[in-house]
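Student: Sequence lines, in order, name chains A and B.
Adding 69 to a residue's 1-based position in the first sequence gives its number in my numbering.
Adding 599 to a residue's 1-based position in the second sequence gives its number in my numbering.
Check before you lean on any hint, since a few could be wrong.
[What the hints assert, rightly or not] With a Cα cut of at most 30 Å, we get these calculated BS3-like pairs of lysine-lysine:
id	chain 1	residue 1	chain 2	residue 2
1	B	Lys900	A	Lys265
2	B	Lys887	B	Lys743
3	A	Lys201	A	Lys145
4	B	Lys900	B	Lys943
5	B	Lys631	B	Lys900
6	B	Lys943	B	Lys781
7	A	Lys265	B	Lys631
8	B	Lys781	B	Lys743
9	A	Lys265	B	Lys743
10	B	Lys791	B	Lys740
11	B	Lys743	B	Lys900
12	A	Lys265	B	Lys702
[As the list claims (entries may be wrong)] Interface residues of chain B toward chain A, partial, derived using beta-carbon atoms under 10 Å:
id	residue
13	Arg719
14	Ala742
15	Ala758
[As the list claims (entries may be wrong)] Computed footprint of chain B on chain A; a stretch qualifies when at least three of its residues, placed anywhere within it, have a C-beta under 8 Å from a C-beta of chain B:
id	stretch
16	218-231
17	257-268
None of these hints come from the bench; they were simulated from the model.
Backbone N, C-alpha and C define an ideal beta-carbon position, used for all residues, glycine too.
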Amino acid sequence: MSDLYLIMLSALQHYSYCPRQCALIHQEQIFEDNVFTIRGHLAHERVDSGESGVEYGLRVERALPLFSERYGLVGKADVVEFLADGTPYPIEYKQGKRQQKLHDEVQLIAQALCLEEMTGKTIAEGAIFHHKSRRRRVVALTPALRAHTEQLIIAVRQLLLSAQIPPPTTERALCENCSLVEACQPDLIASASVIKRLRSQLFSVEDEA
Amino acid sequence: MRQLLNTLYISTDEAYLRLEGETLVMSVDKVKRHQVPLHHLGAIVCLGRVGMSPQLMARCMSDGRSIVWLDENGRFQARVEGPVNGNILLRQAQFRAADQVDKALMLSKCFIAGKLRNSRNVLMRSARDNPNEVEREQLAKAAKALAINLRNLEHAESAASVLGLEGDAGRVYFEQMNTMIKPAMRNTFEYKGRSRRPPKDNVNALISFLYALILNDCRSALETVGLDPQLGFFHEVRPGRPSLALDLMEEFRAVLGDRLALTLINRGQLQHGDFDYREGGAVYLNDKGRQTVVRTYQERKKETLQHPVLETEVEIGLLPLLQARMLARYLRGDVETYIPFFNK
């Protein structure tokens with residue numbers, strides 16, 4: 070049996086946000102904090118504490134290690150509640166508002182895929198907890214979301230195996246909130262013409278004659 | 600833009616550094632002398648006999664803050680290293696590029712082109728400031744010679760010819776060292792040709808110390824982006840030699856080192872009493888002189904310059920890091936070529 074190249078659950082969300090961000094973090098091993106990631110850490114403090122126990126009659130696991138051999142995934146769940154019959158109910162903590170795209174959903178579905186494999190139970194739904202509004206948003210594990218997530222897992226694995234770095238996103242609004250913008254240097258990559266010009270002038274100075 | 604954090608230089612013999620909450624405490628003979636918040640510090644450089652607690656080291660490693668020990672003259676002695684991290688694919692690309700003759704040659708030419716351009720700027724700046732017409736012409740002539748070497752560099756076809764052009768340019772440049780020093784200062788600061796181990800006059804003692812500080816910054820920058828500072832393209836690989844840091848440093852010698860040395864000399868910030876003269880001819884900065892140099896170096900790093908590629912004002916202290924990043928981007932195939940730092 071061939072070992073699947075293991076990918077971090079977080080890589081899916083990173084890829085969903087921007088494939089280059091995913092490559093920079095998981096391949097180039099670059100990570101930098103900015104105000105958004107620090108807020109994220111603060112929001113996660115309780116979650117990462119790993120405290121587990123029974124709350125409101127439900128068994129709750131925090132920072133639960135997750136894995137799937139079938140999909141080659143590894144990571145952690147923020148919070149998993151276990152219903153009376155033992156069915157896991159994953160809850161993903163987010164510090165910000167609801168995202169336009171399905172980044173957070175993908176992460177939740179991937180967690181659910183792991184939990185299904187780990188417990189043998191079928192999961193019908195999970196939730197995303199928005200730290201800011203302190204609200205839970207229920208997400209149903211529809212066949213469409215599952216298929217979308219499975220495709221993403223394949224795409225991320227292909228990217229990481231290729232060892233290539235994708236170009237910066239054309240959606241430059243994403244860069245504004247990205248902590249990796251300094252290392253990513255989207256402007257540098259975009260300024261191929263500046264580089265070309267400087268390169269052609271590198272070995273000459275104006276007043277040589 | 601990444602914040603330019605301070606480097607803490609500790610040059611007090613027998614100083615001991617330890618962690619206290621979110622601060623660093625420096626004490627001598629168990630008496631607390633200074634306390635600074637850690638979050639202001641990007642690096643800690645210990646000059647000479649300085650001790651440190653393992654707890655402080657561990658904290659700095661987890662924050663990504665570098666710690667090194669240099670001897671009194673700025674020569675590298677030791678550094679604290681956390682777990683091996685960074686990108687293995689990047690290091691692999693670096694090693695592969697070093698084995699490709701054309702790639703290594705291209706990069707060598709880029710580093711040296713940066714060096715020649717920036718050295719030439721130092722000559723021309725000195726020419727502008729010099730009231731003596733004969734000396735002005737002499738400096739302009741040297742600047743012209745460097746421009747010719749720069750042009751020839753483009754067509755250099757071997758590592759040997761790059762080395763030859765670099766050596767030739769270096770000779771022309773350093774021949775003008777005394778001319779770039781104000782006449783009133785030439786008694787105290789007479790440059791007698793480059794001497795390194797040991798430096799044999801005040802000018803050599805000063806520039807050697809500055810180069811050691813710059814080399815250390817280049818090395819840290821390369822390590823920060825995950826490049827191996829020991830595998831260079833222009834400088835030959837030798838055990839214990841930080842070849843890539845020496846390569847990267849070529850672009851910064853004039854900008855960060857020579858210009859600063861000339862400023863310190865010409866403004867009278869350093870005097871005879873700032874040096875130690877040893878039996879047999881070796882000359883070193885003494886403790887007082889080192890403090891002046893380190894302080895001025897830190898101030899210089901906060902000044903800004905226009906970056907040719909990024910086309911924005913950047914702090915001089917961030918240049919090694921920005922260039923190291925661009926080198927990494929080039930080696931990973933993200934950009935087509937490497938452009939050294941030069942000021943226009």
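Student: Given the proposed pairing of Lys265(A) with Lys631(B), does the C-alpha separation stay at or below 30 Å?
Tutor: Violated, at about 55 Å.
Student: Take the C-alpha atoms of Lys791(B) and Lys740(B), compute the straight-line distance between them, and say whether it is at most 30 Å.
Tutor: holds (21 Å)
Student: Tell me if Ala742(B) is really an interface residue toward chain A, meaning its C-beta lies closer than 10 Å to one of theirs.
Tutor: It holds, given that the least Cβ distance between Ala742(B) and chain A is near 8 Å, below 10 Å.
Student: What's the verdict on Lys265(A) and Lys702(B), does the C-alpha distance respect the 30 Å limit or exceed it?
Tutor: holds (17 Å)
Student: Keeping to a limit of 30 Å between CA atoms, is the pair of Lys781(B) and Lys743(B) held or broken?
Tutor: Judged against 30 Å, a Cα distance of about 22 Å means the pair holds.
Student: Below or equal to 30 Å on CA atoms is what counts here, so check Lys631(B) against Lys900(B).
Tutor: Holds, because 29 Å separates the two Cα atoms, which is no more than 30 Å.
Student: Taking 8 Å as the C-beta cutoff, is the stated coverage of the stretch 218-231 of chain A by chain B satisfied by three or more residues?
Tutor: Answer violated; 0 residues pass the 8 Å Cβ test.
Student: Assess, step by step, whether the Cα of Lys887(B) is no farther than 30 Å from the Cα of Lys743(B), and give holds or violated.
Tutor: Answer violated: Lys887(B) to Lys743(B) is near 38 Å, above 30 Å.
Student: Do at least three Cβ atoms from the stretch 257-268 of chain A come closer than 8 Å to Cβ atoms of chain B?
Tutor: holds (count 9)
Student: Answer holds if the nearest beta-carbon of chain A is closer than 10 Å to that of Ala758(B); otherwise answer violated.
Tutor: Violated, about 17 Å.
Student: Take a quick look at whether Lys201(A) and Lys145(A) sit within 30 Å of each other, Cα to Cα.
Tutor: Holds, at roughly 22 Å.
Student: Under the criterion that the straight-line Cα-Cα distance not exceed 30 Å, is the pair Lys943(B), Lys781(B) satisfied?
Tutor: holds (25 Å)
Hint compliance for this structure: hints 2, 7, 15, 16 are broken, all remaining hints hold.
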